[in-house]
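Can you make the complete structure from the sequences, with help from the hints?
Protein chains in written order, with numbering that gives the first Met the number 0: chain A, 0 to 337; chain B, 0 to 337; chain C, 0 to 337; chain D, 0 to 337.
Some hints here could point you the wrong way.
Remember, identical chains collapse to one label, so a pair may be satisfied in a single copy or spanning two.
As a list, the in silico DSS-like pairs of lysine-lysine whose alpha-carbon atoms are at most 30 angstroms apart [unchecked claim]:
hint: 1; residue 1: 249; residue 2: 166
hint: 2; residue 1: 263; residue 2: 184
hint: 3; residue 1: 331; residue 2: 296
hint: 4; residue 1: 40; residue 2: 184
hint: 5; residue 1: 82; residue 2: 121
hint: 6; residue 1: 40; residue 2: 259
hint: 7; residue 1: 184; residue 2: 2
hint: 8; residue 1: 273; residue 2: 166
hint: 9; residue 1: 263; residue 2: 76
hint: 10; residue 1: 64; residue 2: 296
hint: 11; residue 1: 40; residue 2: 249
hint: 12; residue 1: 2; residue 2: 40
hint: 13; residue 1: 150; residue 2: 166
Hints in this document: simulated from the structure, not taken from any laboratory.
Number of protein chains: 4
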Amino acid sequence: MIKVGILGAAGYTGGELIRLLLNHPEVEIVFANSESNAGNKIYDVHEGLIGETELEFSSEMPFDKVDVVYFCFGHGKSEAFLKEHTIPANVKIIDLAQDFRIKGNHDYVYGLPEIHHDEIAKCQHLANPGCFATCIQEGLLPLAKAGLLTKDIAVNAITGSTGAGQKPGATTHFSWRNNNFSVYKLFNHQHIHEICQTLNELRPEGTPRVIDTLEEGYDKEGITVDFIPYRGDFARGIFCTEVVTLNEAKTAEEIATLYKDFFKGAAFTHYSDKALDLKQVVNTNKALVHTEVFGRKVVVTSMIDNLLKGAVGQAVQNMNIMFGIDETAGLKLKASAF
Amino acid sequence: MIKVGILGAAGYTGGELIRLLLNHPEVEIVFANSESNAGNKIYDVHEGLIGETELEFSSEMPFDKVDVVYFCFGHGKSEAFLKEHTIPANVKIIDLAQDFRIKGNHDYVYGLPEIHHDEIAKCQHLANPGCFATCIQEGLLPLAKAGLLTKDIAVNAITGSTGAGQKPGATTHFSWRNNNFSVYKLFNHQHIHEICQTLNELRPEGTPRVIDTLEEGYDKEGITVDFIPYRGDFARGIFCTEVVTLNEAKTAEEIATLYKDFFKGAAFTHYSDKALDLKQVVNTNKALVHTEVFGRKVVVTSMIDNLLKGAVGQAVQNMNIMFGIDETAGLKLKASAF
Amino acid sequence: MIKVGILGAAGYTGGELIRLLLNHPEVEIVFANSESNAGNKIYDVHEGLIGETELEFSSEMPFDKVDVVYFCFGHGKSEAFLKEHTIPANVKIIDLAQDFRIKGNHDYVYGLPEIHHDEIAKCQHLANPGCFATCIQEGLLPLAKAGLLTKDIAVNAITGSTGAGQKPGATTHFSWRNNNFSVYKLFNHQHIHEICQTLNELRPEGTPRVIDTLEEGYDKEGITVDFIPYRGDFARGIFCTEVVTLNEAKTAEEIATLYKDFFKGAAFTHYSDKALDLKQVVNTNKALVHTEVFGRKVVVTSMIDNLLKGAVGQAVQNMNIMFGIDETAGLKLKASAF
Amino acid sequence: MIKVGILGAAGYTGGELIRLLLNHPEVEIVFANSESNAGNKIYDVHEGLIGETELEFSSEMPFDKVDVVYFCFGHGKSEAFLKEHTIPANVKIIDLAQDFRIKGNHDYVYGLPEIHHDEIAKCQHLANPGCFATCIQEGLLPLAKAGLLTKDIAVNAITGSTGAGQKPGATTHFSWRNNNFSVYKLFNHQHIHEICQTLNELRPEGTPRVIDTLEEGYDKEGITVDFIPYRGDFARGIFCTEVVTLNEAKTAEEIATLYKDFFKGAAFTHYSDKALDLKQVVNTNKALVHTEVFGRKVVVTSMIDNLLKGAVGQAVQNMNIMFGIDETAGLKLKASAF
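In structure tokens form, the structure reads like this:
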């Protein structure tokens, strides 16, 4: 049994992680830390869990009793936490925040299993990808690897409200969001960083680099990811379209084959010959991808559940890989479907 | 032109009132007071109003320049406000809070036009009924007047999220409320006060009194209004059922006739021979009522838009009556329908 | 491995059953019958299943190769089917329709595990309870058993749209149902039959019988179940309130204890000390129940997922009991929660 | 009073038109034709209208008694109807279908008031623009007029379910569409025709032409409108983004000024300095537009209510212009806002 500790256990991702791990056949939750909820039953906060566990939130963090720790903090707090606390070297860390996603002065592996399976298997510290970043990358990876990204990429991605977290605010107020639609962080979403990092990592030599427009602006030489995030009026899921203009036209079959080959071994990412809709992935760890071709333009649709493949589902998938067990353990989830 | 001042103009009811009054043919908004928004355009807060008005929120309250003032405060604040401010005797007041709905040491008339039309026409100060209270009363008034309320009344009422106001919180968080359902203030909703007051006012001598269970509990002799409020996953509207058990069975036709006769002259309340659905009233000032009969049981369905007939629509209707103009002025609203 | 055949596999319940059984550790799906879809992949109809199975719909019904057959037909078709087909005596049948729920000239056991566990374990043919019926019964069973049902019972139950099945129509049109609310089959829902049957079965001698008002009308001596079904604007779930008036008041604690004791051994039904909301059960096989007490009135809230505990989840639970395996096998489902 | 006849009065647009015209101060509805509903009350079909009118559907079409006829038929039926019926030359026609939107062997004026005001004022026959087409054009008109459209345009537009009409089907089934998201007619929506027609009409000489990709495919020289339509899980409204790449960068202020100047005289189209959300236009005849600038890229957001500015609201606006009355008559609508 893998012994697990959870930090930030009272938030949305903390709760969803607990929901997964309670049914994971090879996991035991040793502690679920939440200062403000210490002593309360888990199901007092994550209310649907009544009848499934009598576990309580803890103010303790007994790192010596666990094999792996999940950081379910808000962004920026993981790094801060590590400055103030020491986690034994033999304890693996899976960080759900964005603190270590960009390569730098740290040893965290960016955990996108479709391209980093071997590094994940060997790593001690893992940075779990962002939700938008996962969905958009799943849509672009095969084209990136094939060196077909040569012009600016139009990305439109609609997210459910759980992406905005637990804290109530104006744009998550039901009266406002219900039957509403809007954009935010237009061309300015922070996930552009990690998307660019991956696309540049995959691109063959001789193909144009992808510009991190958040760092460099829009005037440099290279390809831009023109990413418009939308707030959808649903709770779970991310639905993306990615429009890529090729240098030379390819047939729909060629593109489909490229995608199928790329995702052949993937545990949760599947190519569909038919058009897709979001609820096919909601409440699962799947990513689904479909393509259509118009002249030199490839239109990709990709979709995930933002809390699962876009957060804790992928984190558990990464844990499974890190501990060398079945990649799908604990992740055979019934889609809610409706 | 009726000159209007609005206090609490930045909240949900304040905004909805402004939306109505901008199109009211006989009204001029003189001031829309909001301390915290003073100097901002109305459409900066009530955003959809761009293009309709350049009016700004004001920190002033020039009562000498208006004919009527609307109190769009939270409950309890109207009375407090009046202790600290003096409003000239010739200025009418329409209070949307519950402060003066129960008869007492004040001269406010409870403004339910279907039964108080004449008093409203003559009054200087008006207490506008609550949203649930309006909807439930519309369903029960004909039976109450006819002395047919003789046993406990089962009331179930589902409200949209706008009933909970503008301040975001756990039960108005989109991620929680979307596709969810729950009850609150079970048998304990404060509108029971005003419903009881009306039912007792209408009941013929010799029929049992209605107990205000919030005051007296459930052990006294009399009829109780067993009211279960539900939180629905929509934004606007209240949908009620009221089940009344008669002493002796009546036919469906007798009950229908009773209702039709009662509402014959009503400007906005209509009896329907067919079953109804909530969206028939959403974004209108209508109340719609339908009845079915099973043995000695009468099942009433009644419905309103909580922000309109349940709040500012009825307030404007009352204003129209108070100023002797067409009762429907400014209230011929297109239902959103979808 | 339990070998399973599914008839009516292309409908809502058929699809949900397949979603469950694909992850059931002790089940193998031998055939999934659908004439009109024969030869198509399961995931062509139940689209979210891409990547989980390559199973195809079959026009065959090899009953000799299975241990159990699920009837996922529309109501009335199970009985008709059995007149035209012979199923070997050793093959168990689980019927999801209402054809055999009422006792009569057949050997089907009414499969409500909270009260019929032993009979289910021994039965060969099982009639799976209706969705509303399950939810309402869970709310009333402890009171019924204790002989506390002595007066008419007010039942209000709101259902999601999946309760209306796959065929599109006026009241399941998104444009109509979205943000809408309505009632239907007021006091006339067919599940009153099975609810009455159970309540009469449980009631101690000397307590009044429950009238099947659909058969006998509203004029007979006895207790009535005054059931108002509502159409909610969500897809999954049933949320009920049941108001019961006792002969003599009991404390909230006495009632809570009664419920806790009653459901002590139940695999999926839990009593909650706190108020509940629907999404705590959505996408799970749970039934959750909560009670509050006002004078002599007990207000129960009960809730289930209509497709799971209200249909195929309970059917699988029953299968597990019938085959003597862990009652929760294949039913440890992650709530969608949001 | 303008005397109006309505053909196809029982559909979504027919109903919405009636809702508008009942409150239009200068209109009298002479007949509302619907074969299948002849003799029924209007409110039997468009149910919310109870209490507003006793008008009945008619099987007659007395064209000699009206000043204008609205065609609320499905696409393709207007032309067919005119082959079989004669409408007097002095009766104006407003066609809501797409039959006469493309210039050809007919005298219908394409009724987009922001650019065709004078032609509309003089015309006898009017082709009312499509919903997507209106929304997208409002977003692009100022750039088109200024000759700034020189590269392929990325258009993403999300529509509510009412855009799919009254007939229930798989993608308007509530159980499917609720909390779902999908694309359809990707790069293939028929409104591309009318958008191209307008953009080419406005483009200054020397700038590249816009290709009608539905006619010519993706291989020709020129600009393409790469339009992805999405099905949103709301009932009313269209929300668009249009990304335009300029030859030379302009400042955000320059672009904002261009838009403000262009829409200065428009009765219902407004430029907003702030980001927008869809519900600002729902249940109104407004179009709202906002722009942001990144390097050489201009990102426009535009939004309308698909049934109003995208259909019958614009039709009434056009009627007002055609009859020389106040352009906003009957169209001062209260936004539903929530």
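A quick look at each hint next to the structure:
Taking the shortest alpha-carbon separations for residue 249 and residue 166, neither the intra-copy value of 46 angstroms nor the inter-copy value of 38 angstroms comes in at or below 30 angstroms. In this assembly of identical chains, the alpha carbons of residue 263 and residue 184 lie at most 30 angstroms apart only when taken from different copies (28 angstroms versus 34 angstroms within one copy). In this assembly of identical chains, the alpha carbons of residue 331 and residue 296 never lie at most 30 angstroms apart, being 35 angstroms within a copy and 43 angstroms across copies at closest. Proximity of residue 40 to residue 184 under the C-alpha cut-off of 30 angstroms is restricted to the inter-copy arrangement: shortest distance 24 angstroms between copies versus 37 angstroms within a copy.
Taking the closest pair of Cα atoms, residue 82 and residue 121 come within 30 angstroms of each other only inside a single copy of the chain (24 angstroms); across copies the shortest separation is 62 angstroms, beyond that limit. In this homomeric assembly, residue 40 and residue 259 come within 30 angstroms of each other (Cα to Cα) only across copies, at 18 angstroms, whereas the closest approach inside a single copy is 45 angstroms. In this assembly of identical chains, residue 184 and residue 2 lie within 30 angstroms of each other by CA distance neither inside one copy nor across copies; the values are 39 angstroms within and 42 angstroms between. Within a single copy, residue 273 and residue 166 get their C-alpha atoms only as close as 37 angstroms, which misses the 30 angstroms cut-off; across copies the closest is 22 angstroms, which meets it.
For the homomeric pair residue 263 and residue 76, neither the shortest alpha-carbon distance inside one copy (37 angstroms) nor that between copies (42 angstroms) is at most 30 angstroms. In the homo-oligomer, the alpha carbons of residue 64 and residue 296 never lie at most 30 angstroms apart, since the shortest distance is 53 angstroms inside one protomer and 50 angstroms across protomers. Taking CA atoms no more than 30 angstroms apart as the test, residue 40 paired with residue 249 passes between copies only; the shortest distance there is 28 angstroms, against 57 angstroms inside one copy. For the homomeric pair residue 2 and residue 40, the shortest alpha-carbon distance inside one copy (20 angstroms) is at most 30 angstroms, but the shortest distance between copies (40 angstroms) is not.
Taking the shortest alpha-carbon separations for residue 150 and residue 166, neither the intra-copy value of 38 angstroms nor the inter-copy value of 42 angstroms comes in at or below 30 angstroms.
Violated hints, listed in ascending order, are 1, 3, 7, 9, 10 and 13; each of the other numbered hints is respected by the structure.
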